[in-house]
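Protein chains: 2
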Amino acid sequence: MDVEALSAFQGGDVSEALRENALPAGFGLYGRRCGISSVEGKKDIALFYSFRPARAAGVFTTNLVKAAPVRLCQKRLKGKGPFRGVLINSGCANACTGARGMKDAEDSLKLLGKGLDLDADQLLVASTGVIGRFLPREALEAGVKGLAEDVAANLVSVDNAVRSVMTTDTRPKAARARFEFGGNTFTVWGCAKGAGMIHPNMATMLSVVLTDAGLPQKELHDSLRWAVDRSFNRVTVDGDTSTNDSLFLLANGAVKEFSKPPKKLLDLFRSALHAVCLSLSVQIAADGEGATRTAWIFVKGAKTEAAASKLASTVATSPLFKTALNGADPNWGRVLAALGRAGVPFDPDKTELRFGDVVVYDRGMKTDYDEKALHGLLTKEKVVVRADLRAGEAWSFAVTCDFSKEYVAINADYTT
Amino acid sequence: MDVEALSAFQGGDVSEALRENALPAGFGLYGRRCGISSVEGKKDIALFYSFRPARAAGVFTTNLVKAAPVRLCQKRLKGKGPFRGVLINSGCANACTGARGMKDAEDSLKLLGKGLDLDADQLLVASTGVIGRFLPREALEAGVKGLAEDVAANLVSVDNAVRSVMTTDTRPKAARARFEFGGNTFTVWGCAKGAGMIHPNMATMLSVVLTDAGLPQKELHDSLRWAVDRSFNRVTVDGDTSTNDSLFLLANGAVKEFSKPPKKLLDLFRSALHAVCLSLSVQIAADGEGATRTAWIFVKGAKTEAAASKLASTVATSPLFKTALNGADPNWGRVLAALGRAGVPFDPDKTELRFGDVVVYDRGMKTDYDEKALHGLLTKEKVVVRADLRAGEAWSFAVTCDFSKEYVAINADYTT
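First to last, the sequence lines map onto chains A and B. If you use the working numbering, the first sequence corresponds to residues 1 to 416, in order. If you use the working numbering, the second sequence corresponds to residues 1 to 416, in order.
By construction, these hints were calculated from the structure, which means they are not laboratory data. Yeah, the Cβ is synthetic: ideal placement off N, Cα and C, and Gly gets one too. Treat the hints with care, since some could be wrong.
Unchecked claim - Cβ pair distances, simulated, as ranges: (1) B:T367 - A:G364: 54 to 64 Å; (2) A:E149 - B:A8: 56 to 66 Å; (3) A:P345 - B:M365: 13 to 23 Å; (4) A:F134 - B:G392: 30 to 40 Å; (5) A:K350 - B:K80: 29 to 39 Å; (6) A:T62 - B:V358: 54 to 64 Å; (7) B:G35 - A:R171: 42 to 52 Å; (8) B:L155 - A:A306: 48 to 58 Å.
Unchecked claim - Quick list of in silico lysine-lysine cross-link-like pairs, DSS-like style, CA-CA up to 27 Å: (9) B:K114 - B:K42; (10) A:K310 - B:K350; (11) B:K264 - A:K382; (12) A:K405 - B:K405; (13) A:K300 - A:K380; (14) B:K114 - A:K350; (15) B:K80 - B:K110; (16) B:K405 - A:K380; (17) A:K263 - A:K218; (18) B:K350 - A:K75; (19) A:K350 - B:K103.
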């Protein structure tokens, strides 16, 4: 997608992606409550299962402090697989839990493998929730056994699975894209949980993406990396990168296997994967803790894409910009001040700044714009800010949400 | 000051520093309302004046986008001086105002020079307030003329001057230190305005520091740089560096001139200057927009001071840590997660983390601490967090305040 396509991007139809028949062929989703989460009645454990052996790729948090399940999956994904599923719990991050945390993660997969009659090495795991608490062993075991029973009874439910991985999310997040190749229709489907501690490198929180195209491990990994850099890694809620960020891609080849995928197929797959990742990213920003609107910051005319990315991200992370966005306050001075402190050289006296299509600043000075019209633009659900540095051809973007009193309320007493 | 002295540091007596007789010899302060600020009755223009020629040093914002007065003073301070005073207005930042903004800054000093019968080149200027608006010329001129009349009538007032530079500050900020050398008593006095857009490099907002010791320009500049790196540059309110940050140091030698200052004197002067800068920095953090408490983050056992500084600053800037601080929520997982994403290598499995004197995390795992006692520690006005990386001898610190609903309310509609 180019700048114009991205500016106009509205995400896909979430409710359609949440329908049972939206899934790629050969996958079953299961979710239930086992009691790990302290929120009464909240579903808190899910299984994303492939009925046939699949290949997998993963992208994980760059935080030095990595939760036990992250370390376990990074190790496991160095092997060739095959893989059969991802077990995810909410309510406890299983981070900063030492050797016991690692054993809890390994044991839960052993138990699941036993229930599914599979080698436990073919399973992956992720956790989300409070840091520094042990998983409640009894609840965890009951949940894992229950999921294996659900698989046996064929109690598939996209809704249960997607809701089980949510924490402070206010709504489920899912996306789907399809493409045709050689007379077959392929599906890429994904879901995510977001809400807080969302920031590039890698911004994702937890996400699972499934496809019925069969691709080699290397192509899966390269495509995922490429798509994540242009979607999840461009989204920020609060600048905090969590200890548990994990994104899994499972490809089971249920429609067709390609041991040497043609370039045309790979391009179609990448586009579909990117559309799904981008839609999920935007859903995350829009449902950022306490968020009422999103802002898309485009920086163009830069010398490099990395420079443009850093500038856009600095604006997207600025609390002063994000609070102004909350108040629909057209305070473009804060955008410029954030660009100026990003640590990337550019010339403010050559730069142009727009809110929507209104030029508010040009070549060192404010312009003569209509304040009321500008305020109107800022009350929309999607606000577009564009900076043109007039120094090169590269561009990038960042998506963020506003900083509201509700964000503070949600985060002031999360563990207590 | 070492780690222990800093942990125990409570700042000085602000009300004493605000008394008329607290000033160093040979300085007069003036402040009044001229109508630049839209807040009714708010004093908005001040003059910090030396009755005799002084030397000056300055530290300014590192933001690429620099307000007109910053650019003017950076040029002027390349000359040798002497300097006689600093004119400061609140209510308008005179930033992003192009050639007209520069002319406004220059003209106001010309007019002030005329009123004081001085060469305008001997005067410095700073502005604070909204970005992207022109200074109202009529109000500005009335204010400058009024200040010259105040000087003639000897209408000195520390309180008027200090209050004139405030914006969203809820209270005036001032500090004073004294030292004896060779039978003389020397005074270092300073005031500051803070509140928002406060972040290292250089974090200050506006501050004026005055001394009656007479020191050469180079020693003044070096001492100021040294003190600022260990005070203002260790404070963050919201991670945003403004376009107008300016700190001026004027030394008029009214007590004694030293053309070749002995090392002992320089050491005494640096300590006094550091105490004043540190006190002002802490007053700024404590009065951060919407703040209810401060946190001091100490990182020790690091390989370099720069690494320790970056780690401490990353925690101090994390919205998730700052909201937890607001709720007195002992969520140390967020401290660890922030350290982990700082981009500085360390080993979480060797690290120890304390809130106050309570060890909450050690070598990869949570400890068995009393949650209630911990919550109690966090309800204090000053919260101390210590990380020991156990990898070296270097240490640093950062001071921050909590993120409250009031911060959002203050910043959601600043320009409207």
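Here is how each hint holds up against the structure:
no. : hint                        : in the structure
1   : B:T367 - A:G364: 54 to 64 Å : 55 Å, holds
2   : A:E149 - B:A8: 56 to 66 Å   : 59 Å, holds
3   : A:P345 - B:M365: 13 to 23 Å : 44 Å, violated
4   : A:F134 - B:G392: 30 to 40 Å : 32 Å, holds
5   : A:K350 - B:K80: 29 to 39 Å  : 34 Å, holds
6   : A:T62 - B:V358: 54 to 64 Å  : 30 Å, violated
7   : B:G35 - A:R171: 42 to 52 Å  : 49 Å, holds
8   : B:L155 - A:A306: 48 to 58 Å : 56 Å, holds
9   : B:K114 - B:K42              : 26 Å, holds
10  : A:K310 - B:K350             : 32 Å, violated
11  : B:K264 - A:K382             : 61 Å, violated
12  : A:K405 - B:K405             : 5 Å, holds
13  : A:K300 - A:K380             : 23 Å, holds
14  : B:K114 - A:K350             : 36 Å, violated
15  : B:K80 - B:K110              : 19 Å, holds
16  : B:K405 - A:K380             : 22 Å, holds
17  : A:K263 - A:K218             : 14 Å, holds
18  : B:K350 - A:K75              : 21 Å, holds
19  : A:K350 - B:K103             : 20 Å, holds
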